[in-house]
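Order-wise, the sequence lines are chains A and B. Mapped onto this note's numbering, the consecutive letters of the first sequence carry residue numbers 80 to 838. Mapped onto this note's numbering, the consecutive letters of the second sequence carry residue numbers 355 to 499.
Hints were generated in silico from the structure; no laboratory data involved. Certain hints may be false.
These stretches of chain A come out as covered by chain B in the derived footprint (C-beta under 8 Å, 3 or more residues) [to be verified]:
| no. | segment |
| --- | --- |
| 1 | 123 to 136 |
| 2 | 715 to 728 |
| 3 | 810 to 817 |
Where is the CB? At the ideal position from N, CA and C, for every residue including glycine.
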Amino acid sequence: MTMRDDERGRRRVRRGRATDVLAWAAVGLAGAGLACALAVTLSGGGSVDWEWAPTLGLRLDLALDGLGSLYALLATGIGVAVFAYAIAYMPWHLDHEGRPRAEAARFWAWMAIFMGSMVGLACARDLILIFFFFDLTAVASYFLIAFDRERREARGAALMALFVTGVSAVLLLLGAVLLYDAHGTFELRELFALAEPGTTTTIAAALIAIAAFAKSAQAPLHFWLPRAMEAPTPVSAYLHSAAMVAAGVLVLGRVHPLLTRSELVMDGMLVVGLASILIGSVLAFAKDELKQILAHSTISQYGYVVVLYGIGGPEGAGAAALYVVAHALAKSALFMTAGAVTVATGESRLSRVGGLARRMPLLAAASALAAASLAALPLTIGFFKDELFFGAAIEKGPLMQAAAVLAASFTLAYIARFWLGIFAGPARAEAARVPALLVAPIAALGAVSLAGGVVIGPFAELAANAATVTNGAPVELHPAYHLDTRAENLMALGAWALGALLLFGRPLVGAAARAFARAGDRLGPRAIYRTGVIALNRFSDRVHDEEVRDLRNSIAAVLVPAGILVAAAFIFTPTDGVYRVGSVSADDLPIIGLLAVAALAAIQITRDPGRLRPVMALSVLGFALAAAYAVSGAPDVALVAVVVETVLTVVFVGVYARLPRAQRQARERGRRQGPGRNAIAGGFAGLAAFVVIWAALSRQPVAEGDAARQAEAAPAAHGGDIVTVTLADFRGLDTMVEITVLAVALLGVATLLRRGRLW
Amino acid sequence: MSVVIEVIAPRLIGPALILALAIIVKGYQDVGDGFSAGVILALAIALRYIALGVDRAEAGLPILRHTGPVAVAGILVALASGFFGVLLGDPPFTHQPGPGEDVVHFGTLEFITAVSFDLGLFALVTSALVAVMHALARLVEGGES
Chain A
80 MTMRDDERGR RRVRRGRATD VLAWAAVGLA GAGLACALAV TLSGGGSVDW
130 EWAPTLGLRL DLALDGLGSL YALLATGIGV AVFAYAIAYM PWHLDHEGRP
180 RAEAARFWAW MAIFMGSMVG LACARDLILI FFFFDLTAVA SYFLIAFDRE
230 RREARGAALM ALFVTGVSAV LLLLGAVLLY DAHGTFELRE LFALAEPGTT
280 TTIAAALIAI AAFAKSAQAP LHFWLPRAME APTPVSAYLH SAAMVAAGVL
330 VLGRVHPLLT RSELVMDGML VVGLASILIG SVLAFAKDEL KQILAHSTIS
380 QYGYVVVLYG IGGPEGAGAA ALYVVAHALA KSALFMTAGA VTVATGESRL
430 SRVGGLARRM PLLAAASALA AASLAALPLT IGFFKDELFF GAAIEKGPLM
480 QAAAVLAASF TLAYIARFWL GIFAGPARAE AARVPALLVA PIAALGAVSL
530 AGGVVIGPFA ELAANAATVT NGAPVELHPA YHLDTRAENL MALGAWALGA
580 LLLFGRPLVG AAARAFARAG DRLGPRAIYR TGVIALNRFS DRVHDEEVRD
630 LRNSIAAVLV PAGILVAAAF IFTPTDGVYR VGSVSADDLP IIGLLAVAAL
680 AAIQITRDPG RLRPVMALSV LGFALAAAYA VSGAPDVALV AVVVETVLTV
730 VFVGVYARLP RAQRQARERG RRQGPGRNAI AGGFAGLAAF VVIWAALSRQ
780 PVAEGDAARQ AEAAPAAHGG DIVTVTLADF RGLDTMVEIT VLAVALLGVA
830 TLLRRGRLW
Chain B
355 MSVVIEVIAP RLIGPALILA LAIIVKGYQD VGDGFSAGVI LALAIALRYI
405 ALGVDRAEAG LPILRHTGPV AVAGILVALA SGFFGVLLGD PPFTHQPGPG
455 EDVVHFGTLE FITAVSFDLG LFALVTSALV AVMHALARLV EGGES
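Build the full structure now, drawing on both the sequences and the hints.
Listed below in structure tokens is the structure:
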């Protein structure tokens, strides 16, 4: 080993250690969050309600109430397990991808943000805050799904997830704005008190529900979730159980009192949920890749929760809350199992592995607990989730009962296929030893699932408190084992029997499921999405070509529609007294002179075929106007006009220095199109601008209203210059937002000019 | 490039900085604000880039290479002066001292938070424009070499 290699190796170790510290810090953060959430929950919850910008209706309204506690505990608790698992998994993943281990730093940062945004969403009770955290989870998930950014599939999957959940999140904002328009508040408790059943409430509730459906990967917007499996396994484990996908049903649980105001939305939830259960479980049966099976299982499992929210009432709300807990515990453990199996064998398909129970007994036992919990077998917390689910279905009638039994049997069948396929049967792949940290979190989650099956009390209380928030009235949950022939037990027995039947008819059922999957691939929403994206891309290309290739078109595209709008306004609004012709006095001579110079310069610009001379003429025009402002008593505007005009001239000259020599062809093409079109477009736009400016100048100076009040208030704000005071004080927030936009835009320009590198 | 430009242009930064600061200091009583001041200083810096080229311009004035931190500092100053009122329970952009209260003067400079907001704006505008100039100038030089 040469000295340089030695040095490099040492540096890599040092950087690896820094990443280790970061990783343990993330675990510590999750642990501290869990401890805090637990402490606050046990002491009865807590809340903050702070109207920090009352003029804009913005407030920080966060509460660790029943629902908030449940999801915050899940996000931090599952977070501890998944983060600990990732400490062992990420080095393997990066080695496998051939990347330096230090890149895990990005993973840890985004995971921490992911967890934080989920906790924030759990506590938010204001629609704007909910929207904010909702989108923050989408952004974090984008970077996590695209963690292997060299791989095209990962980037595509991340973009799809961001696209589907981000666009639908806009619907959530739309619903929030509708409600604000009607009731003047974004605060949910106030909205619950104000919103009456009606069209507005129905539309707003439906919009919010659609956003939640997309987030929770409900049909027909489910297709992004299976593709998101491109992410590293810890991301999948977290995304499916406690973050992102859980965020959708969390929002449903949070705004549920609004949803109940509309029969249509409630029935819609039943339909969407049942369709998702069906599609998810059939496809889970058809898939061969381990993570794909689990992804489709998630679609179906959140379908249950959506159905339960659609049933509503104390039973539905309580069952939904317990369902989320049981599912999160089981699903994160199963995902981590799939990852551990892949680390051990290098295989990720069900048909390539088998018989691992003998090699990895602890992993087999731990994931058996998780699988049993998902399949609702007794002695696991999952049994109670189905007991409550069946109980709620009974309230809704026999049709729902039959659907519930069918759904439960499918769940049992596909999860048994998953577990048996990995751990039973003949051994198909060699299994290497895996680090203990890859198995310990799974064992811990399995143990919690088991503990919940023995002592359900604390979990039931947690779920009941969450359901109380959802339901708007106290909810009591008493899940327990009953050794009698009540309907729930009979339904469970029926589901197990049917599930076993499905499992034994595996070849037949599998073939049918695969046929369904193929049909879905060809005709399903994912195909529609692909076609839509391609069409959108093509449309965008065409618009880009039209606009960018020809400067004339892009200018006309702005000026002509503007002119048309003004003409329409001119026709449809009364013009009596709007246009006045004033008198001209000797004092106005300087302005007239300056405007004449500006007009001459403008004519020169249109007629000069050269390059630099029109720029100079443009600059003359600008300075003449600036001088006109100064003369007419607007020195602030004049100052800004002068500096901006100077910058513009410098930029023009600088850019012209870079331009290649004029192409004769281009000039000839311009001539062939003829000056007629230019004259028409320019004349039309100029006339429109003239009409507007004349109308504006015809008005008397404003003596009352906002402007006058602000001019009067300026001395009180210790300012003599009304423009500056307005910018910095009266409209300070606007200025702040503007300069932020400016900074971001310039950052983008600078990055583009440097071909993607920031500095 | 004529000698006159090469000698004078780089030395215009000093006067431009004085002018910019004067605009900010007087800004709250008189014409001008942080934005104009920032653009004026940026123009002087642009002249320096044009006269000397990127490398020489930045070798003599190394701060031009650190526009990123200056821009961030500007945003932070602006944010802090806009939002510290929130901590006192006021809405954002409630400047201190409030209406009718006494203001500490230093010449014509008034110590009010609106002025520090303007200073942040000034830093941001200047450094953002310089950052773009730097990138553009590099592009021009790269294209020619």
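Okay, the hints, checked on the actual structure:
1. Counting residues of the segment 123 to 136 of chain A whose beta carbon lies closer than 8 Å to any beta carbon of chain B gives 4, which reaches the threshold of three, so the coverage claim holds.
2. With a threshold of 8 Å between beta carbons, the proposed coverage of the segment 715 to 728 of chain A by chain B holds, since 7 of its residues qualify and at least three are required.
3. Counting residues of the segment 810 to 817 of chain A whose beta-carbon sits less than 8 Å from any beta-carbon of chain B gives 4, enough to reach three: the coverage restraint holds.
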